[in-house]
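Peer 1: Fit chain B to the known structure of chain A by using the hints.
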Amino acid sequence: MSDLNDIVEALVGRASGGEAIEAYAARGTDTEIRIYNGEIETLGTATSAGIGIRVLLESTEGSRVGFAWTGSLDDAAIDRALDDARENATFASPDPAVVFASPDGVSPASVTLADPAFGTMSIDDKVSLVTELEAMTRAADSRLRQVDAADYGDGIVEVALASTTGISAEMSRTSAYVSVAAIAGDASETQTGSGFSVGRGPSSLDIADASRQAVERSVRMLGAVKAPSARTTVVFDARVASTVLGVLGGALSGEAVAKGRSFFEGRQGEPVAVSGVTLIDDPTDARAYGAAAVDGEGLACRRNVLIDDGVLAGFVYDATSAKRAGTVSTGSAVRGGYAGTPSAGCRALVLSPGDLDLDGVLAAVGNGVYVQSITGVHSGVSPVSGDFSVGAEGLMIRDGALAEPFREVTVASTLQRMLLAIIEIGADLTWLPGSAAGQTLAIGDFQLSGS
Amino acid sequence: MAPDVIERVLSGAVERGGDMAEIFVEDQASRTAVRDDGRIESLSSGARRGAGIRVVVGETTGFAHTADLSEHGLLEAARAAAAVARQGGGGTRPAALEDLRSHQSMVSRFPEDVATAEKLDLLAQADDAARSQGGSISQVQASYAEGRRRILVASTEGTFASDDQVRTRFNVTCIATGDSGLQMGYESLARTEGFEMFDAVDIAGLAEVAATRAIAKLAARPAPSGQVPVVLAGGSGGVLFHEACGHGLEADHIVKDSSVYCGKLGELVASPLVTLVDDGTVGGEWGTSSIDDEGRPAQRNVLIENGVLTDFMWDWMRARKEGRPSSGNGRRETYQHLPMVRMTNTFLLAGDEDPEEIVAQTPDGVYVAKLGGGQVNTATGDFVFGTNEAYLIEGGRITEPLRDANLIGNGPEILRRIDALGNDFSMMPGTCGKDGQSVPVGCGQPTLRITGVTFGGTAA
Chain A
1 MSDLNDIVEA LVGRASGGEA IEAYAARGTD TEIRIYNGEI ETLGTATSAG IGIRVLLEST
61 EGSRVGFAWT GSLDDAAIDR ALDDARENAT FASPDPAVVF ASPDGVSPAS VTLADPAFGT
121 MSIDDKVSLV TELEAMTRAA DSRLRQVDAA DYGDGIVEVA LASTTGISAE MSRTSAYVSV
181 AAIAGDASET QTGSGFSVGR GPSSLDIADA SRQAVERSVR MLGAVKAPSA RTTVVFDARV
241 ASTVLGVLGG ALSGEAVAKG RSFFEGRQGE PVAVSGVTLI DDPTDARAYG AAAVDGEGLA
301 CRRNVLIDDG VLAGFVYDAT SAKRAGTVST GSAVRGGYAG TPSAGCRALV LSPGDLDLDG
361 VLAAVGNGVY VQSITGVHSG VSPVSGDFSV GAEGLMIRDG ALAEPFREVT VASTLQRMLL
421 AIIEIGADLT WLPGSAAGQT LAIGDFQLSG S
Chain B
1 MAPDVIERVL SGAVERGGDM AEIFVEDQAS RTAVRDDGRI ESLSSGARRG AGIRVVVGET
61 TGFAHTADLS EHGLLEAARA AAAVARQGGG GTRPAALEDL RSHQSMVSRF PEDVATAEKL
121 DLLAQADDAA RSQGGSISQV QASYAEGRRR ILVASTEGTF ASDDQVRTRF NVTCIATGDS
181 GLQMGYESLA RTEGFEMFDA VDIAGLAEVA ATRAIAKLAA RPAPSGQVPV VLAGGSGGVL
241 FHEACGHGLE ADHIVKDSSV YCGKLGELVA SPLVTLVDDG TVGGEWGTSS IDDEGRPAQR
301 NVLIENGVLT DFMWDWMRAR KEGRPSSGNG RRETYQHLPM VRMTNTFLLA GDEDPEEIVA
361 QTPDGVYVAK LGGGQVNTAT GDFVFGTNEA YLIEGGRITE PLRDANLIGN GPEILRRIDA
421 LGNDFSMMPG TCGKDGQSVP VGCGQPTLRI TGVTFGGTAA
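Same order as they appear, the protein sequences are chains A and B.
Be aware that the first sequence starts at 1, since it is given in the numbering used here, and climbs by one per residue.
Be aware that the second sequence starts at 1, since it is given in the numbering used here, and climbs by one per residue.
These are calculated hints, taken from the structure and not from any lab test.
Given the structure is predicted, the values throughout are model-derived calculations rather than measurements.
Among the clues, some could well be false.
Claimed, not checked - With beta-carbon atoms standing in for the labels, derived distance ranges:
hint	chain 1	residue 1	chain 2	residue 2	range
1	B	221	A	2	57 to 67 Å
2	B	102	A	336	27 to 37 Å
3	A	340	B	114	22 to 32 Å
4	B	115	A	337	26 to 36 Å
5	A	403	B	134	47 to 57 Å
6	A	270	B	134	23 to 33 Å
7	A	116	B	201	50 to 60 Å
8	A	116	B	110	43 to 53 Å
Stated by the list, open to error - Which residues of chain A face chain B? A partial, calculated answer using Cβ under 7 Å:
hint	residue
9	38
10	39
11	44
12	67
13	70
14	84
15	91
16	146
17	183
18	190
19	375
20	380
21	385
22	405
23	408
24	449
Note that beta-carbon positions come from the ideal geometry of N, C-alpha and C, so glycine has one too.
If we strip away everything but chain A, and leave its shape as in the complex, we get (with noise of 0.2 Å):
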């Protein structure tokens, strides 16, 4: 058992009558390091730990829930941070939902998460792995004019959790990343391309790869302009249909729903989407950035199917929201850390891949725009009313094939509209940072705005 299992258990043994409590200690250690121009810009590594502590206080009208959080393990840290725990509950209004999660006899599933080689790795050698993407990335296109940053990050973080309803979790999970930002152009044209590669440890990683996306997005935006307004077919490329597919998830919480803030509300059983799109939340599956064997309150996750076939079929549920809808919880509380609170949420999306590569779907699609890039995301698109409008950039599709670069326009749809209207989903199922798989996504009817 670790200093931080003793910790959380500790804490948990000083629940009084009429009080729960649980605790969520997480101890982490990052290196973080920045070239440029062929020299170390930044160089930085340490640990830090917390934890957060939930009390919970039973009465006939139901529960009052309070929480603290400390940067800290020392125990003069962990006793204020309790006694404030305790002091905040007693604020809170009596609520028939608030629970904590409760063994419900589902085993983890076995996925590891942590790369038994990590720590093998000495600094200067992921020094050399980012200099070295940063000079391939600098030679490989006289095309391009600077790369501004190029990044190495690793981590390895270890969690306990425990609670007086009888959880008791232990996780650890090890990541490192690749980064280069590339700008493509002479005085008068700027262009710009991120490439990267993530992995459980930095043996994994593709620093080709990585400088080859970088390379590729920035030098084809050369000679971009803004596009004609139209009604248009959008293909997604599978990063940007990743974070699409993330910020659909926000309306399939459980919580939202139950709250009135989705617009999938009262929907369940419906048809929501095209016949034959499926989509699935599965952290079970360890090739998913975030996959987890335990969720944010110590519950085995699980696969949950969200559409099938084209109809609603459930939400993500943490232990309050499934409470307040009447149900169980589905193994899907997120939480951010010791210095937040569990929340529903959703891990590991992804589409049921269809048959197409990516020159496959463009041929099916024979004239639109092929998006590489999206900003805006969270000024411009709600799960609450599922408006979706965003800034976009990428390549023309004409005839087929991806044709000359646009820029500085907007596409908007509404979630709604773009479920309805999905074309095709790519067979090029590819594991990106964030809780959503990467998939070539065609969606017709969107409409664009330019020149």
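Peer 2: Relative to chain A, chain B alone:
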């Protein structure tokens, strides 16, 4: 923290070489309360304390942080940060620390001294006021947050300064339900002040604004698509300048040739109506502080004057490269982050036209009463910003409400298209994200008109 301990830690940081070492100590406490779905749903408290240490060798920065503020813990972090100084060398002789420049908070009511019941009462007031706006208001979430951040910065260049920063925030988000579906309205108040912030504000009024914003959009028609003239209400759209040019004027982008404003100093980059200022000293604003996170006093910096680019924003690292002083724009989210060039309060100075006249003299277009967030690509200058409340302008009059959409433009082009500036002015708070770090900023502008912006709605 005792000056002699700090001096020993700084000496330890540069014992193997390095041009500069700095220690940044932070003690931060926060408290939030949320009323949602008609209930006080959660109260939370958080505390974080620690130090970040950086060692600069040429163009290279080594960084480490620790929550262990003992001399032993700090020396260990100092050695980790100094790992980049592996070439050895003569070592820097740290300058003696200056007398501590200590900045006391000007707050008259520290939020931690205010009874929790008083804070919860504000949430109840907001909830009641929002729901009283009509039966279509189906959900209300009100949240209160307070934070106190005490920082101390010391460096081998002699810098020794501290600040006590108190910030208070109140948000209301309403959902309205109608035949057309759900719509959301949001309004917030956030200042670098204590609980006295509420003396000057009517919380019920704030909640009513959020509620009516959601209700208005139930009847909204799809936003237009294509180029339209846009009038931005005073204070509604400061984020436009934050995105359209603010980020591009941060010296880290300039030094790396990744800003569209690179090499444009002294040139006309905007309409002659435009004078843009970044000012970290404006009393009580969300991006205000006495010192930045490198210990440099906050100051007022004129970035664009009558359309001409006059200066960029600088932190210590970028300013040193140019042999000039920092402009007080070195900021970081917490002690666990390195500082970088950031905006404080960025705003466009007022003009002399009557705001109502600006609308009256716009035959057709869009009136944006409230902008949401935005995003920019500093290298190309292309940026987007979203609307939270917008109306059509028809025949010089504000008419029908529009659904939310993003607008897209190119910074330098949009700045040249500003052809009318009102004599009104107000600021709004925001959270600015850059390289994974979030910091509080203020944005402001008078009512203004842009002759053409691409509106990203669904209407053909």
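Peer 1: Take the hints in turn and mark each one as holding or not.
Peer 2: Status of each hint after checking the structure:
1. B/221 / A/2: 57 to 67 Å: At 58 Å between Cβs, range holds.
2. B/102 / A/336: 27 to 37 Å: 34 Å, holds
3. A/340 / B/114: 22 to 32 Å: 25 Å, holds
4. B/115 / A/337: 26 to 36 Å: 30 Å, holds
5. A/403 / B/134: 47 to 57 Å: Between residue 403 of chain A and residue 134 of chain B, where Cβ atoms are some 50 Å apart, the hint holds.
6. A/270 / B/134: 23 to 33 Å: Once the Cβ atoms are compared, 28 Å apart, the range 23 to 33 Å for residue 134 of chain B and residue 270 of chain A holds.
7. A/116 / B/201: 50 to 60 Å: For residue 116 of chain A and residue 201 of chain B the Cβ distance comes to about 56 Å; the hint holds.
8. A/116 / B/110: 43 to 53 Å: Holds: the Cβ-Cβ distance is about 50 Å, inside 43 to 53 Å.
9. 38: 11 Å, violated
10. 39: For residue 39 of chain A, the interface hint holds, since the closest Cβ of chain B sits about 6 Å away, which is under 7 Å.
11. 44: 4 Å, holds
12. 67: At about 4 Å, which falls below the 7 Å cut-off, the nearest Cβ of chain B leaves the hint on residue 67 of chain A intact, so it holds.
13. 70: 5 Å, holds
14. 84: Residue 84 of chain A check passes; min Cβ-Cβ to chain B is 4 Å, inside 7 Å.
15. 91: OK, holds: residue 91 of chain A within 7 Å of chain B, min 5 Å.
16. 146: This interface hint holds because 5 Å falls under the 7 Å limit.
17. 183: 5 Å, holds
18. 190: 5 Å, holds
19. 375: Given a least distance of 5 Å, the restraint on residue 375 of chain A holds.
20. 380: 4 Å, holds
21. 385: 5 Å, holds
22. 405: Constraint on residue 405 of chain A not satisfied, violated at 12 Å.
23. 408: 5 Å, holds
24. 449: 4 Å, holds
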